[in-house]
Structure formats: structure tokens, C-alpha cells
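Undergrad: When you get a sec, could you build the whole thing from the sequences and use the hints?
Residue numbers (my numbering), protein chains in the order written: chain A, 1 to 283; chain B, 1001 to 1364.
Some hints here could point you the wrong way.
Only part of the chain B face toward chain A is listed, based on derived beta-carbon distances under 8 Å [stated by the list, open to error]:
id, residue
1, Ala1054
2, Phe1056
3, Phe1085
4, Ala1089
5, His1093
6, Tyr1102
7, Gly1103
8, Ala1109
9, Pro1112
10, Val1114
Below 25 Å or equal to it, Euclidean Cα-Cα: the simulated DMTMM-like pairs (lysine to aspartate or glutamate) are [to be verified]:
id, chain 1, residue 1, chain 2, residue 2
11, B, Lys1110, B, Glu1120
12, B, Lys1272, B, Glu1287
13, A, Lys174, B, Glu1163
14, B, Lys1126, B, Glu1163
15, B, Lys1078, A, Asp176
16, A, Lys174, B, Glu1137
17, A, Lys174, B, Asp1095
18, B, Lys1181, B, Glu1245
19, B, Lys1129, B, Glu1179
20, B, Lys1273, B, Asp1348
Over the 12 Å line for every Cβ pair with chain A, so calculated as not near, a few chain B residues [claimed, not checked]:
id, residue
21, Asp1029
22, Val1066
23, Asp1073
24, Pro1092
25, Arg1123
26, Glu1245
27, Val1310
28, Gly1333
29, Thr1335
30, Ser1356
Honestly, the hints are just simulated from the structure, not real lab data. Each residue gets a CB set at the ideal place from its N, CA and C atoms; glycine is no exception.
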Amino acid sequence: MRRAGGKAAAFLPAAPLALFFALAYLLPIAILGAVSFRTDLRAGDWTIAHYGAFLGDGFTLSILLDTLWLGLQVVVVTLLIAYPLGLVYMRAGPRVRALLVFLILLPLLTNTVVRTFAWMAILGRNGLVDTLAATLGFTNEPLRLLYSRTGLVIALAQIYLPLMALPLNNSLAKIDGNLLRAAEGLGASSAHLFRTVILPLSLPGAVAGCLLVFAGATTAFITQTLVGGGRQIFMPLFIYQQALGVQRWAFAAAASVVFALTVMAVVYAFNRFARARLRGVDA
Amino acid sequence: MTVAGAKLTISNVSHAYAGVPALADVSFDVPAGDLTALLGPSGCGKTTLLRIIAGFFRQTQGSVLVNGAPIDDLPAAKRNVGIVFQNYALFPHLDVARNVGYGLRAQGAKGPMVEARIDEMLRLVKMAKFANRLPGELSGGQQQRVALARALAVSPRIVLLDEPFSALDKALRLDMQIEVKSLLRQSGVTSIIVTHDQEEALSMADRIVVLNQGQIEQIGGPSELYDTPRSLFVNTFIGHVNVIEGRLLGREGSALAIDVAGVGRITVPTDKKYPPGQVLTVTVRPENLVPDPQGPFAGTVRQILPLGPVDVIEVVLPGGTALKVSLPHAVGGVTLAPGAALSLAVRDPAGCGVFSTASAPQTA
Chain A
1 MRRAGGKAAA
11 FLPAAPLALF
21 FALAYLLPIA
31 ILGAVSFRTD
41 LRAGDWTIAH
51 YGAFLGDGFT
61 LSILLDTLWL
71 GLQVVVVTLL
81 IAYPLGLVYM
91 RAGPRVRALL
101 VFLILLPLLT
111 NTVVRTFAWM
121 AILGRNGLVD
131 TLAATLGFTN
141 EPLRLLYSRT
151 GLVIALAQIY
161 LPLMALPLNN
171 SLAKIDGNLL
181 RAAEGLGASS
191 AHLFRTVILP
201 LSLPGAVAGC
211 LLVFAGATTA
221 FITQTLVGGG
231 RQIFMPLFIY
241 QQALGVQRWA
251 FAAAASVVFA
261 LTVMAVVYAF
271 NRFARARLRG
281 VDA
Chain B
1001 MTVAGAKLTI
1011 SNVSHAYAGV
1021 PALADVSFDV
1031 PAGDLTALLG
1041 PSGCGKTTLL
1051 RIIAGFFRQT
1061 QGSVLVNGAP
1071 IDDLPAAKRN
1081 VGIVFQNYAL
1091 FPHLDVARNV
1101 GYGLRAQGAK
1111 GPMVEARIDE
1121 MLRLVKMAKF
1131 ANRLPGELSG
1141 GQQQRVALAR
1151 ALAVSPRIVL
1161 LDEPFSALDK
1171 ALRLDMQIEV
1181 KSLLRQSGVT
1191 SIIVTHDQEE
1201 ALSMADRIVV
1211 LNQGQIEQIG
1221 GPSELYDTPR
1231 SLFVNTFIGH
1241 VNVIEGRLLG
1251 REGSALAIDV
1261 AGVGRITVPT
1271 DKKYPPGQVL
1281 TVTVRPENLV
1291 PDPQGPFAGT
1301 VRQILPLGPV
1311 DVIEVVLPGG
1321 TALKVSLPHA
1331 VGGVTLAPGA
1341 ALSLAVRDPA
1351 GCGVFSTASA
1361 PQTA
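TA: Here it is in C-alpha cells:
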């Protein structure tokens, strides 16, 4: 009894935070879940019609799939940028490493909204990219990157790169240098060494990075909306429009639940898939 | 398993890290199929030399030759030099069989030939039962066997072993030394073992290269280094030794007469020449001293260390010098008590060393 009481007392300092979470996080989610099964926000009966409407409509499903596809594209781009960076980080001395970490973290010091507007200026008509491309003579036409899918993927990749680079660097730095020497001494080429040693041993960091970037990019309402420019509709904007635009609160709630569960399912499945390949690797 | 080892030549190799010298003009040969130890304290340059031979970086000056041909321009992956690391460096995500087959597959081999070679190597190191285990599921000795099998699987011309036994506990170490030595002999590969452990070097190697501060102190067989060390450093680094300071009185035939404070006059056979009056260091191994009532080293027993096969007695001379004498253990042990008077004599004066005190020992 005394021990149990002691344990409860130990958690007491966390009680205000727990209460805050319960009120500001769990309760709204519970309300959201409940609303999604109502015919209307204020009145009506219990129903699963909103789920049927969302899942039975090719248009809404295509928005969901396109949002997941966008997340995957951003994940791939950040992976392709973060690995070469990580290889430099892995072989660098402590001073260069500190500098790289600082440079990776630097963009996080700027608010996402500000960075999004910066990307609009860079990608926009007569923006930095267009001007540069025209000056260098690559093209006479404006590239129309702003409000394009390519522009959106570039902006999201830049914004979420730190979430990929930091765990990946951490994983790469943990690889014992003697393993690389052993592989080299056994005749492995750089490509073989990367494929058979560096890649599998850095998977825990890469997996963590992929999950963070995927969760971030699929739900990045502000950047998706401003850089994507309203013509491309992804789930966050769609839910926003349904709720505040056309006041279909219950349908928007059902869409939110489906979206959240789908992202979680993708994250869970990917995690399971990756863990199965991590035999012998320190996570 | 008929791998012909290659002759390795280290020719005037010097290396500096960012201007700080680590190796100074090191030259020696390792005959084909020989097992040579690079022995020295930490920071002596032995690991630097190992990495130069392996090709992990290039020496500032000099050349490494295999069978007379320089390999300085070859990257590590093309040198066909096997390496066994101190921490074994087994790939933690690959099972034992894949670790052993790594080199073959990295060099493009495929199919049943690789499997057959892995089998052969695993049987050689008695690890066939563990083929599907991960390195993390093996003991230190088992990991060592896998590391050796992995290095030998690609039929290297030369195998480098970097402090291979330092991570093993003492009981296992001797067994693994015997096993590794016979495996290396059997494979006929030229081997270099880098170690700071003189016992390991003595027990493993045909020849020992003693390195100190980036330079070679002496090259020789284990007994040669133990019995006739060329410098006080080698004398004190290999085995235990008593160090006695004295002043040269003069030459007496084939020996030098030396006056030791609190002891008197002793004679040490040597053909080294020093001016009379010079302060000299005389070295005597503990097993080369023997209790003798007529002996010149009369002192008091301070403590007795029963080490099992030998009993070591520490005797303090009137001048303050402490001498260790080791006696083969007799049943019942040493009957002397601390405080007892004991006189010691040198068993074989030829086993003593004489060095000028200027070349003071550089390690504790």
C-alpha cells in the first residue's frame, strides 16, 4: 500500500500536464470522433453515413491517396538529400560535425509560415528561380514552379529536411569505423560498402526520419495551401473547406478520422516492415 | 587451404600526422609465411604502421612492398590484406556465415563456391554450428574465430591482427593464442600481429619488431630479445627486470667491474666499452637471482608474492634499491617472513645487461 501510494505521489507533479492534455487534446479528439458519427453537429442520430460518403466517393479517396503520395514524394526527396549529407557528416571531424548540425538546425529557427512565404518569393513568377534560370539562359518561359506540384515538393522537402537529417546523421555517426575498414579491407567497393554496411546499419535513423517527414508533409496545411496554391487540394485543406467553408462539420470530422487513421496505418506498416529488416542493428 | 603467404617489406617508412611524427624511417622484412609481432607501448606507432600496410592511409615517406612490388598506390580494397580488428568489427546485422562470406561476395564471387568456402572456413575455426547466429549472440572467443575466418576466407597474402586478444579474459587468451597461431601456420599466410602485450608477442611470434616512439628498437626472435636486449627499453619492456645503478670501476678481462652503493663490487660480463667512472645501469631478471648466503646482494625481505608456479620475493638492499627474485614454487611455499635477512647471488652473469644510464627507460 505504502509503495503504491508512493508511486501515485511520484506522478502527482505531472498531474497538471495530464489534466491539460486530457482537456486540450484527448477531449477534442473524443468530441471529433463522436461528431463523425452524428448526422449533424448539433442534432440528429448516430450514423456511419459520413464514412460511407467519404470512402464511397472516388473524388475524396483520390484526395486522400494524393496526400499520401505527396508525403511519399517528400520522403524520397529528403532521403536523397540527407544520405549524401550524412556520409559527409559521418566522415567529418567534431568541428565540421558541429557546423553541419548548426546549419541543419538553422532553418528551424524560422517560423514555418515565414519559410513558406520565402518559398513563394523564391518559386514565384519573377522570383529567384525564374530570374536565375532566365539569366543563365536555361529557359525563356517562366518555370511556373509556384502553385505546381514540383514547387510544393521542393518547399516541403526543405522545410522537413532537418527531421530526416538529424536522426539519420545520428545513426550514421554510430557506425563503428572499423566496420568500414573491415569491409574495405575485404575488397568492398564504395558502392558495395554503402549497400551492405552503411545502408542497413543506418536504417533505424532513416526509418525515424521517414516517419517524421511523412507525418509532417502530409499534414502541412499552411505550406500545402500557400505553395500548392488552392488548386491542388490535399486532405488538410479539404477538411478545412468542408468544416469552415460548407459547414459539413460531421463529414469533415469523419474525413479527419479517416485521414488520421490512414497516416497512422502507413506509419505503423512501414515501421513493422523496417523493423523486420533491423535484425542485429541497434535501434 | 593452401594459401601461399607473401613476403612483406617495409622500406624506410615514415609517417607524420599533421606534422607530428608517428613513424621515423622504419624498415624491416617479414619472410613469406612468417608470424611477426609489432610490439610497443601505446603511441609507439604500431597501429599507424598496421593501417599503412592495410592501405587505410598513405605514409608520408617510404614504401611497402609485397614480394618486392610496391603496393603504395593500391587502395585498401585491392591489397588482398586480411585484417582482424581488436573489437573484431563483425558486421552486426549479418549472421556468422554472411560475415565469413562477405569478402568473397564483395569481390564478386557467387553461388555454391562461396557456400563451400564459408563451410570450409567455419569448420576450420570450429564455428559450423553457429553459422546462423548474429555476432551479438556469440562470446568473445567465438567472435574472434569468426573474425579470423572472415579474414582468411578471401585467401589473403598477408593477415594483420590488431591487438587480437586484448578483449578476451585471461583464461581464454592463452587457448585462443594457441589456436590462432596454429590456424595461421596451417594457412601458411604471412601474419603480422600488433600488440602492446609482451607475453602475447613472445608466445605468438617467430620474430618480434620492438617499436618505441616511432622507431625500431630491436628486431629478433623471442628468446634473443629476452636474453640479449640491445637497449634498456627493450630489456625493461619485455619481461620483468631488476634495475641496479652503479659506477664503472674498470674492465677485468671479459667483464666490467661496477661499484654498487650499499652492495659493493660486482662484475658483469660484456664487451661494451664505457669510460671509467661512468654511471651504468645493470639489469638482472628475477629468475636469474638465487638465494645464496655468500651472495653480494644482502638485504631484508619486504614482501612475498606467491604467484603459483613461482614465488616472488622482494628484497630491499641497504641503499634502498628493491630487488625481485622469483623462485620455482616448492610445495609449502616460501618459509621466509617479511623482515628476514636474505642474500642473493646472480645465477648466470651472462644474463645480466649493462646500459649507460643516459638511455633511461622510457616507460614506467
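Undergrad: So, for every hint listed, does it hold in this structure?
TA: Hints, one by one, checked against the model:
| no. | hint | result |
| --- | --- | --- |
| 1 | Ala1054 | 6 Å, holds |
| 2 | Phe1056 | 6 Å, holds |
| 3 | Phe1085 | 5 Å, holds |
| 4 | Ala1089 | 4 Å, holds |
| 5 | His1093 | 4 Å, holds |
| 6 | Tyr1102 | 6 Å, holds |
| 7 | Gly1103 | 3 Å, holds |
| 8 | Ala1109 | 10 Å, violated |
| 9 | Pro1112 | 20 Å, violated |
| 10 | Val1114 | 13 Å, violated |
| 11 | B:Lys1110 to B:Glu1120 | 16 Å, holds |
| 12 | B:Lys1272 to B:Glu1287 | 24 Å, holds |
| 13 | A:Lys174 to B:Glu1163 | 22 Å, holds |
| 14 | B:Lys1126 to B:Glu1163 | 22 Å, holds |
| 15 | B:Lys1078 to A:Asp176 | 22 Å, holds |
| 16 | A:Lys174 to B:Glu1137 | 20 Å, holds |
| 17 | A:Lys174 to B:Asp1095 | 20 Å, holds |
| 18 | B:Lys1181 to B:Glu1245 | 39 Å, violated |
| 19 | B:Lys1129 to B:Glu1179 | 18 Å, holds |
| 20 | B:Lys1273 to B:Asp1348 | 21 Å, holds |
| 21 | Asp1029 | 22 Å, holds |
| 22 | Val1066 | 14 Å, holds |
| 23 | Asp1073 | 16 Å, holds |
| 24 | Pro1092 | 5 Å, violated |
| 25 | Arg1123 | 20 Å, holds |
| 26 | Glu1245 | 44 Å, holds |
| 27 | Val1310 | 38 Å, holds |
| 28 | Gly1333 | 46 Å, holds |
| 29 | Thr1335 | 52 Å, holds |
| 30 | Ser1356 | 42 Å, holds |
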